[in-house]
Amino acid sequence: MKNSFDEKILDEAKDWIKANQKVVLATVIQTWGSSPRQVGSRMIVNEKGDFSGSVSGGCVESAVVSECLSLIKDNKPCKKIEFKVSNESAWEVGLACGGEIAVYIEQIH
Amino acid sequence: MKIKTLEEILKKKSSKTEFAILTNLENGDSEIYLPGTSPKGEFSKYAVEIENFFKSKKNGVIENSEIFVETYIKPIKVIIVGAVHIAQYLVDFAKSLNFEISIIDPRGYFASEQRFPEIKVINKWPKEAFEEIETNSSTALIALTHDPKIDDPALQYALKNKFYYIGALGSKKTHENRCQRLAEAGFTNDEINSIHGPIGIKLGGKSAPEIALSIIAQLVSETYKK
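Listed in order, the protein sequences are those of chains C and X.
Residue numbers are given in our numbering: position 71 of the first sequence equals residue 71, and the series is strictly consecutive.
Residues are numbered in our numbering as their position in the second sequence, beginning at 1, plus a constant of 1000.
FYI, nobody ran anything at the bench for these hints, they're computed from the structure.
Fair warning: there could be bad hints in the mix.
[Said to hold, decoys possible] No more than 30 Å apart at the CA atoms, straight line, and that leaves these computed lysine-lysine pairs for DSS-like:
| no. | chain 1 | residue 1 | chain 2 | residue 2 |
| --- | --- | --- | --- | --- |
| 1 | C | Lys-8 | X | Lys-1095 |
| 2 | X | Lys-1077 | C | Lys-8 |
| 3 | C | Lys-14 | X | Lys-1002 |
Kindly produce the complete structure, drawing on both the sequences and the hints.
Dropping the structure here:
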């Protein structure tokens, strides 16, 4: 309700780290138009590509997972990614709802 | 984010402290901020903007900057009177909805910790129990015993202290009688009508989890009207 205390994702992130996994945290930092998840929504991804939580209604999660895996592979600390209205003819990953979101991904180290 | 920062966040969350996470999106630096203090280092020039995010209970990127602010505010307090079966399901729903639940029930055999793990259960009559809970106009009351001896003092307390949501379980007839007792106790019609009774939105279900769902749905809806 009205804030992020409900998110259990950070607790889960801690558990993953305890289990010696590399964890990337993805956070919705900006939205424009209609977007399914509000600013502050979170998702975590490990080096195997397992993920928990969400940053959209399932529209861009797979793209976020691959961006997180690249971040781990290239050993970069963070990156900002923007997703726009989907382009159906190109079969790109995008938001079918017509909104735009910016997602910030960062390694927990 | 550093593991140390993550651990600090989890600690603050479990102790229900209000705070914000400040992140520099360019270099990944993050910092925990406590309201009313001065932000440290690179974040110090955004003190006003950060405090404004806090006041408006919002998260976002500070305009013309690469600073992301995420605020964590206290959960809404919900007091349940009656450690009954429905309360057990309410507790389950509340966990994922950021409500902080306390349960009052003077009947020891109901109010056991075993039935409500990790929940504050006060095994006292409402009048004494309220001395142990800090309440204000952002508190909600759910009365579930439909026993006037237990529910009525709690309802009176909630009305006097202007809780934003007050609901009472019981049939239409039970509720009519309850309203009459409250009128006799000197409460105005407006006050009495502010009680949601019979409690919950109409879903049609009669089982304990279904009633809990209808109550929690009404509570969420009323919370967004605040």
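For the pair we were handed, X:Lys-1077 and C:Lys-8, check the Cα-Cα distance against 30 Å. Status holds; Cα separation ~19 Å.
Is the straight-line distance between the alpha-carbon of C:Lys-8 and that of X:Lys-1095 30 Å or less? Cα-Cα ~10 Å, so holds.
Given hint X:Lys-1002 paired with C:Lys-14 - CA-CA distance at most 30 Å: Cα-Cα ~11 Å, so holds.
The structure shown violates none of the earlier numbered hints.
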